[in-house]
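Chemist: Sequence:
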Amino acid sequence: GQQSGHALYLAFLARKEGTKRGFLSKKTAEASRWHEKWFALYQNVLFYFEGEQSCRPAGMYLLEGCSCERTPAPPRAGAGPGGVRDALDKQYYFTVLFGHEGQKPLELRCEEEQDGKEWMEAIHQASYADILIEREVLMQKYIHLVQIVETEKIAANQLRHQLEDQDTEIERLKSEIIALNKTKERMRPYQSNQEDEDPDIKKIKKVQSFMRGWLCRRKWKTIVQDYICSPHAESMRKRNQIVFTMVEAESEYVHQLYILVNGFLRPLRMAASSKKPPISHDDVSSIFLNSETIMFLHEIFHQGLKARIANWPTLILADLFDILLPMLNIYQEFVRNHQYSLQVLANCKQNRDFDKLLKQYEANPACEGRMLETFLTYPMFQIPRYIITLHELLAHTPHEHVERKSLEFAKSKLEELSRVMHDEVSDTENIRKNLAIERMIVEGCDILLDTSQTFIRQGTMKNSNTIIVKHEWGRQLHSDWTLLLSGPDILCSSKKDRLAWPTAVAVPSADDTQAKAQEKLALLKALSHKTGDHVRSENSCLLFPFFISTSGSAPHDII
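Position 281 of the sequence shown, counted from 1, bears residue number 553 in this note's numbering, the numbering being contiguous throughout.
Check before you lean on any hint, since a few could be wrong.
Calculated cross-link-like contacts (lysine to any residue; reagent style SDA-like; alpha-carbon spacing at most 20 Å) [unchecked claim]: (1) 288 with 327; (2) 474 with 460; (3) 298 with 390; (4) 677 with 667; (5) 547 with 339; (6) 292 with 345; (7) 292 with 368; (8) 628 with 645.
Simulated from the structure, these hints should not be mistaken for laboratory data.
Make a model of the complete structure from these sequences and hints.
Modeler: Following this line, the structure appears as structure tokens:
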């Protein structure tokens with residue numbers, strides 16, 4: 273049918289354009305005999321024919337995910353001529369092991385060792401997955417180059433405008449030269465009369481000309497010195513220093529991203545495609561979300577900064593931020609995913625093979641002893657760093673400066689993005705911590721599943737005079753004298769000795785008991801065995817949406 277026709281077409285291409293072609297001996301599975309066939313390798317499919325001129329293949333093998341290794345010559349049974357045995361032992365044997373189960377290995381041999389090595393190398397490289405990875409890398413480089421070309425187009429357009437302005441200036445200067453020449457022509461008769469002047473008059477004029485030049489130079493020197501010492505010049509020097517520092521920091525940040533991508537992301541992506549991957553492609557994507565795109569973005573931004581420095585003292589930076597701002601949504605995704613990426617990384621480290629491989633990557637001298645978590649954290653601080661830099665730039669930028677409005681707009685956009693990212697991270701962390709606490713309660717807690725519940729703090733503080741206590745979060749909540757209070761409800765209660773229960777407070781009849789706020793405060797004061805001076809006031813106590821109260825001598829952590 274259609275599939276057989278496609279296979280015949282691939283076999284035809286293999287015979288004509290195959291990566292490797294030639295005669296090999298193939299071992300049969302039934303009789304363990306060797307038969308010479310003509311093989312042709314095309315992409316990741318290995319065809320074999322009865323002869324070199326055969327048009328129809330005798331068989332084919334799919335090499336995707338296979339491995340190839342050298343095998344020793346098999347032992348010879350029976351006594352044959354010595355020369356024949358030596359010739360067979362000198363032949364090159366190798367075996368193709370297929371990745372999928374149920375298919376027997378393919379045993380092959382050839383006459384020459386060099387030919388056998390070439391066949392093994394060609395089979396090793398016959399992987400469609402490797403080609404896809406190389407295509408992805410080339411596609412990223414292509415996108416990077418396209419972005420650079422767009423930047424260069426903008427720069428070329430600016431240069432074109434400058435050339436047009438210079439042409440206009442040249443025409444203006446030419447017209448001035450023509451006018452000056454005409455004036456000079458009109459002055460020639462007067463100059464000829466000056467030549468007949470007295471020599472003393474000439475000397476006086478020469479001295480006057482010298483004095484006028486000296487006075488003019490002294491005046492300009494004073495003007496320049498006054499400007500150098502002026503607040504405006506000092507502000508411009510500080511502004512230039514901020515820009516130079518920004519370029520150095522951006523260069524260091526691009527280098528950190530380069531190490532993150534080339535020292536961790538790409539090697540782990542290759543490891544995920546191996547036969548026994550220590551990490552999955554999904555986990556790699558979760559850990560390094562948008563890292564490669566961020567690197568490409570900042571390489572372009574860094575190149576633009578260096579181009580602006582090359583045009584110093586003319587520094588125009590606003591258009592660079594105009595290019596950067598529309599692409600900052602990738603930062604929003606990275607920051608939103610950051611905590612999850614660290615959690616996925618921590619889970620992957622439980623795998624010994626992955627942990628060993630990661631430590632090998634971190635031992636690279638380029639990492640300078642820094643861990644992968646450190647490199648994943650660097651992009652988290654880049655947006656605040658830009659905000660601080662823009663704030664310092666605006667502090668030293670005059671109000672009438674051509675870039676001030678553009679820089680203020682970029683600063684406002686970055687601050688807005690920073691607030692959004694902070695709120696998203698806070699909400700995500702609040703929900704995650706509330707869910708972690710809810711899972712530690714034996715029968716669950718529906719109130720903690722409400723998104724309006726806010727996590728305030730978690731910790732331990734010793735105070736023997738206070739009766740509001742909290743168990744360690746690592747243990748399940750169970751005690752002879754425990755009340756778990758949240759909002760207006762007693763979520764669970766337990767006690768064995770009801771005679772010790774405070775007489776002023778009704779004994780709960782079940783594990784889940786409703787209680788009003790004032791009853792809750794009365795219960796806490798009664799359990800203190802005192803006047804309640806060491807119990808928090810009603811307002812401050814009930815501000816906490818989640819606390820535990822206990823009585824007795826049980827060894828609890830007290831807060």
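Chemist: State for each hint whether it applies.
Modeler: Here is how each hint holds up against the structure:
A hinted pair counts as satisfied when its Cα atoms are at most 20 Å apart, and residue 288 with residue 327 qualifies at roughly 11 Å. The suggested pairing of residue 474 with residue 460 holds, with an alpha-carbon distance near 17 Å, which does not exceed 20 Å. Only pairs whose Cα atoms come within 20 Å are accepted, and residue 298 paired with residue 390 is accepted, the gap being roughly 17 Å. Between residue 677 and residue 667 the alpha-carbon distance is near 13 Å, which keeps this suggested pair within the 20 Å criterion.
Using a Cα cut-off of 20 Å, the hinted pair residue 547 and residue 339 holds, with the two alpha carbons roughly 9 Å apart. Under the criterion of a C-alpha separation no larger than 20 Å, the hint pairing residue 292 with residue 345 is inconsistent with the structure, at around 23 Å. Between residue 292 and residue 368 the alpha-carbon distance is near 15 Å, which keeps this suggested pair within the 20 Å criterion. Under the criterion of a C-alpha separation no larger than 20 Å, the hint pairing residue 628 with residue 645 is consistent with the structure, at around 16 Å.
Violation of the numbered hints given earlier is confined to hint 6; every other hint is satisfied by the structure.
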